[in-house]
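Peer 1: Sequence:
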Amino acid sequence: MTRGDGRRPDELRPLELQPDFLEQPHGSVLLAQGRTKVLCTASIQDGTPRWLYGKGRGWLTAEYSLLPASTGDRTEREAARGKQGGRTVEIQRLIGRA
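In numbering that gives the first Met the number 0, the protein residues as written are 0 to 97.
Just so you know, not all the hints are guaranteed correct.
[What the hints assert, rightly or not] Here are the simulated SDA-like cross-link-like pairs (lysine to any residue), alpha carbons at most 20 Å apart as the crow flies: (1) Lys36 to Leu21; (2) Lys36 to Lys54; (3) Lys36 to Leu14; (4) Lys82 to Trp58; (5) Lys54 to Gly26; (6) Lys82 to Ile94; (7) Lys82 to Leu66; (8) Lys54 to Ser69; (9) Lys54 to Asp72; (10) Lys54 to Ala68; (11) Lys36 to Asp72; (12) Lys54 to Arg12; (13) Lys36 to Gly26; (14) Lys82 to Pro48; (15) Lys36 to Lys82; (16) Lys36 to Gly57; (17) Lys82 to Leu65; (18) Lys36 to Thr1; (19) Lys82 to Lys54; (20) Lys54 to Gln91; (21) Lys36 to Phe20.
Simulated from the structure, these hints should not be mistaken for lab results. Note that the structure is predicted; figures quoted are calculated from it, not measured.
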């Protein structure tokens, strides 16, 4: 059995990576798999939080967001509401632990 696009049931869509997709961040990549697209960026800030001084460690924060028109129904940006939903908070925690 094959899918409408010719793939086997256990076959993933091809993954496309476009490194340095944006000019301003220190690093960026656009990942595309079918119609799903993920934009990842990384920025570096000098300094260490006071509670990490002298421990030879750094700090990583993560943010996650869906664009308003990324789903069938337009959704309001969480930043505009001033409060993040539970799903966003959990995904950010997962990214931060990775």
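Peer 1: For every hint, state whether the structure bears it out.
Peer 2: Structure-based check of each hint:
no. : hint           : result
1   : Lys36 to Leu21 : holds (14 Å)
2   : Lys36 to Lys54 : violated (37 Å)
3   : Lys36 to Leu14 : holds (10 Å)
4   : Lys82 to Trp58 : violated (23 Å)
5   : Lys54 to Gly26 : violated (26 Å)
6   : Lys82 to Ile94 : holds (19 Å)
7   : Lys82 to Leu66 : holds (16 Å)
8   : Lys54 to Ser69 : violated (41 Å)
9   : Lys54 to Asp72 : violated (47 Å)
10  : Lys54 to Ala68 : violated (43 Å)
11  : Lys36 to Asp72 : holds (18 Å)
12  : Lys54 to Arg12 : violated (43 Å)
13  : Lys36 to Gly26 : holds (17 Å)
14  : Lys82 to Pro48 : violated (25 Å)
15  : Lys36 to Lys82 : violated (25 Å)
16  : Lys36 to Gly57 : violated (29 Å)
17  : Lys82 to Leu65 : holds (14 Å)
18  : Lys36 to Thr1  : violated (24 Å)
19  : Lys82 to Lys54 : violated (33 Å)
20  : Lys54 to Gln91 : violated (24 Å)
21  : Lys36 to Phe20 : holds (12 Å)
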